[in-house]
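Student: Sequence:
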Amino acid sequence: MSVDPAPIEEVSHLALSVGRILFQNNADTEAVECAVERFGRLFGCEVHPLVTYETLLLTVSSHEGFRTKTGHRVPTMAVNMAAVAAVEALLDEAEAKGLGLAEIRSRLDEIERQPPIYRRWMVVLGMALTAASLSRLFGGDWPTFFVAFFAGVVGTAIRLEMGRRGVNIFLNSLVTAFASGAVAGVAVYFKLSSMPALCLITQGMILVPGVPFVNCVQDMIKNHMAIGVSRLGFAILITLAIAVGLFTATAVTGAQIPVVESSVLPSLMGDALFSACAALGYLCLFNVPWRLAWVGVVCGVASHTTRTFCLQHHIDIVAGSLIGALAAGFLAFFFARVFRAPASAFAFPGVVAMIPGAYAFRAVIGFLGIISAGTGAPMALLTETIALSATCIFMVLAIAIGVAAPAILIKNPRAKTA
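Here the sequence shown is numbered in full-length UniProt numbering, starting from 1 and rising by one per residue.
Just so you know, the hints here were simulated from the structure itself, not pulled from any lab data. Small disclaimer: the values here were computed from a predicted structure and weren't measured. Ideal Cβ placement from N, Cα and C applies to all residues, glycine included. Some hints could be false.
List of simulated lysine to aspartate or glutamate pairs, EDC-like, C-alpha gap at most 16 Å [what the hints assert, rightly or not]:
{"id": "1", "residue 1": "K69", "residue 2": "E9"}
{"id": "2", "residue 1": "K69", "residue 2": "E54"}
{"id": "3", "residue 1": "K69", "residue 2": "E46"}
{"id": "4", "residue 1": "K191", "residue 2": "D141"}
{"id": "5", "residue 1": "K222", "residue 2": "E30"}
{"id": "6", "residue 1": "K69", "residue 2": "E10"}
Distance windows between CB atoms, simulated [as the list claims (entries may be wrong)]:
{"id": "7", "residue 1": "L381", "residue 2": "E161", "range": "35 to 41 Å"}
{"id": "8", "residue 1": "A102", "residue 2": "W294", "range": "33 to 39 Å"}
{"id": "9", "residue 1": "I386", "residue 2": "M225", "range": "48 to 54 Å"}
{"id": "10", "residue 1": "A78", "residue 2": "Q256", "range": "31 to 37 Å"}
{"id": "11", "residue 1": "T55", "residue 2": "E110", "range": "21 to 27 Å"}
{"id": "12", "residue 1": "A251", "residue 2": "E54", "range": "32 to 38 Å"}
{"id": "13", "residue 1": "Q114", "residue 2": "G65", "range": "56 to 62 Å"}
Could you put together the complete structure from these sequences and hints?
Tutor: Set out below in structure tokens:
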């Protein structure tokens, strides 16, 4: 239901707050635009948003005239699905009960002040479990599992502490990758694991900015080119920082990440188990509400196990990633309708484990090897590096398209055109 027309100044201010909370927590551009337009309609206003990578610009018009509002610079974006879900729920309630501006302002302030659902130690242990589970999904043995877990504890603790202190996010990624990679490398040096590549790569995998990678493709598919390219640039720079950190760790410890490497596929039961464990860490990191966390686990199992099934039946990894992402995307879309929550709260934790971080790191290390060798670089190294890069690009595209497909194919009932 719509309420009586409200002061345009207050509506524009709160519409900007709605958009900012969603945007700084990595909601995609269309979701931000849809939310602020929907909020304006509740109070008899028409909102025209312009979303850039650093800020939001809104033009709000009503019978009083129009106002143009520019938000403060959006800080470094995190992923807080509890905040995104809370804003969506608030808009639903305002629509159903006709909440006033004062009540909405108070609730938005409460959402911004809300502490994380999961304590820091839970996030640390969850992401360490994710790193360890990824090692098993890539064919690692149990010693590698425990090395990856311990290195993940160290790396995630450093990452969260540096984030709390406001350290530059690129420096944070580089230092965290180096620290966790060094711990894994030292463990390999003392023969605690015979799989150095998995020990190191899994530490980079849990740092990969999977949500920006997926969002950038979704934004470009939906014709938000400028912000899509900006998010892509951010994700690439973070990945490069992680790769440099891991490369430095290999130089210090002597452990190596080979450009050419094969992995053993787990059984479907094993894949389902470790996919579920891998999703748990991301659910904690992304602050997904307790009551919805199990849905993220279901999406994670569906996506990765489906891809493994495809690989076992000799389907290409890019096609398998697309099929797995479609499974997660449609499940997330269905549960989003059931629980009146954003689909991204389920889809992103469900597909992040499929993001080809291992391919990206090996490609970067291959390029570094080519630079070091110069004109004497072996042709095998050159072709493998190009193949890894191309595979990485197409896998990210496949995952993003699979996640976005339900929203593209099925009209969102909340989106209303003028």
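Student: Okay, which hints does this one fail, numbers in order?
Tutor: The structure breaks hints 9, 13; every other hint is satisfied.
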